[in-house]
Amino acid sequence: MSFYCAPHYLSIQLISRKINLHSHKINISIMKITSSASRYLFLLSLASSSFLKQGVEAAIPCLSSPESCSVDDEGNKSCYFDVKVNLHAGELGYFQIEQCGDEVNPTLGIQKGVTYYFKQLDESNYYHPLGFAYYPDGAHDDVDELEPGIAPPGSSSNCANDMSCPAPMYLKDGDYLGEYSNNAVVAPITPSDNFGLDDYEPEFFFDPLTWNTAKYSVALKFDDDDFTDDIFYFCHIHQFMTGRMKFVNEDGDVLNEMNEPEIPYAYDMASDYDKECGTFNLDPFQLPHPECPSKFVCDKPDVTTPVGKFADCLDSMNCAMTVGMTTNVHMDSPIAL
0 MSFYCAPHYL SIQLISRKIN LHSHKINISI MKITSSASRY LFLLSLASSS
50 FLKQGVEAAI PCLSSPESCS VDDEGNKSCY FDVKVNLHAG ELGYFQIEQC
100 GDEVNPTLGI QKGVTYYFKQ LDESNYYHPL GFAYYPDGAH DDVDELEPGI
150 APPGSSSNCA NDMSCPAPMY LKDGDYLGEY SNNAVVAPIT PSDNFGLDDY
200 EPEFFFDPLT WNTAKYSVAL KFDDDDFTDD IFYFCHIHQF MTGRMKFVNE
250 DGDVLNEMNE PEIPYAYDMA SDYDKECGTF NLDPFQLPHP ECPSKFVCDK
300 PDVTTPVGKF ADCLDSMNCA MTVGMTTNVH MDSPIAL
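All residue numbers for the sequence shown refer to numbering that gives the first Met the number 0, where the first residue is 0 and numbers rise by one.
If you are wondering where the hints come from, they were derived from the structure by calculation, not from laboratory data.
Every value quoted in this text rests on a predicted model; they were computed, and no experiment measured them.
Please note that a few of the clues may not be correct.
[What the hints assert, rightly or not] Computed cross-link-like contacts, SDA-like style, restricted to lysine to any residue with a CA-CA straight-line distance of at most 20 Å:
hint	residue 1	residue 2
1	K111	A159
2	K111	D71
3	K83	E200
4	K118	F203
5	K111	K294
6	K294	P283
[As the list claims (entries may be wrong)] Label pairs and their calculated CB-CB ranges:
hint	residue 1	residue 2	range
7	P333	V302	39 to 45 Å
8	V328	K171	26 to 32 Å
9	S191	D72	25 to 31 Å
Where is the CB? At the ideal position from N, CA and C, for every residue including glycine.
Turn these sequences into a full structure, and let the hints guide you.
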């Protein structure tokens, strides 16, 4: 079988993936590919990737550490979570919280009436602006998010009438980007439908160098007393990255033992091979492969060496591309092709 020898520059390629679709939504995805030879390569792609996954639930909530909390002179308590994205944890990556260790999408425990800052300072947050919703994945699944004009489901509050319902408040370099406020710690109490998201999210589409010159964070204070179901954090750009948040009392005990609503899919599990390559679902395309040539990269060293391992990953990437882009003519129709 003939083979193609890859040149000594790195081509960034979209790796096709065979999935069963139950709907078609165009999402922008980003993949970070790492190796000993290159720290960051970003892959921006348009992917039709709204596929159904099965349920998995997180258990004991992670709380802000005492070092992450403070109380001001007026008795207002504030805490923070340092947000990162583990870009190797699945197809799109998953959120991690510095205070919660290495667990992906940890269940967070938050107190009502406390201000929580979700700091998206780490560069891995690029293309992953946080959102908060009453159901998994928020607007990706056409369900209610935390917004000034949306009362918590089942709540007796009339906050929707005056745009004062619990909602995130988006900040850039410490400055609030919106007008609405239910939290005097961040901004004077103001009813409005502008909570800063429309200015915050678009900047996560900037080029990485421009985006990384600013410090982004989100403040959240939930102040509805008769709502105890869980809420969810998620990525406003990518679906299927949602994590659970449970309300707790001052002692850290959860107010609702049940994990409700359910997260309707399981989290991806990257293989050891994908972790080494910085990819996802590349395992099936390792050479030899029945639909691929014997090699793509010429004269590669032993796979136990850093360059050899990187070349092996490129061989698998090229095979994935070959399989994904190869088709047959089944009828005399350019439309069908």
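Against the structure, the hints:
1. K111 to A159: Status holds; Cα separation ~19 Å.
2. K111 to D71: 17 Å, holds
3. K83 to E200: 16 Å, holds
4. K118 to F203: 14 Å, holds
5. K111 to K294: Violated. K111 to K294 sits at ~58 Å, over the 20 Å cutoff.
6. K294 to P283: Distance ~15 Å between K294 and P283 Cα, so the pair holds.
7. P333 to V302: 39 to 45 Å: Once the Cβ atoms are compared, 42 Å apart, the range 39 to 45 Å for V302 and P333 holds.
8. V328 to K171: 26 to 32 Å: 52 Å, violated
9. S191 to D72: 25 to 31 Å: 27 Å, holds
In this structure, the earlier hints numbered 5 and 8 are contradicted, and the remaining ones agree with it.
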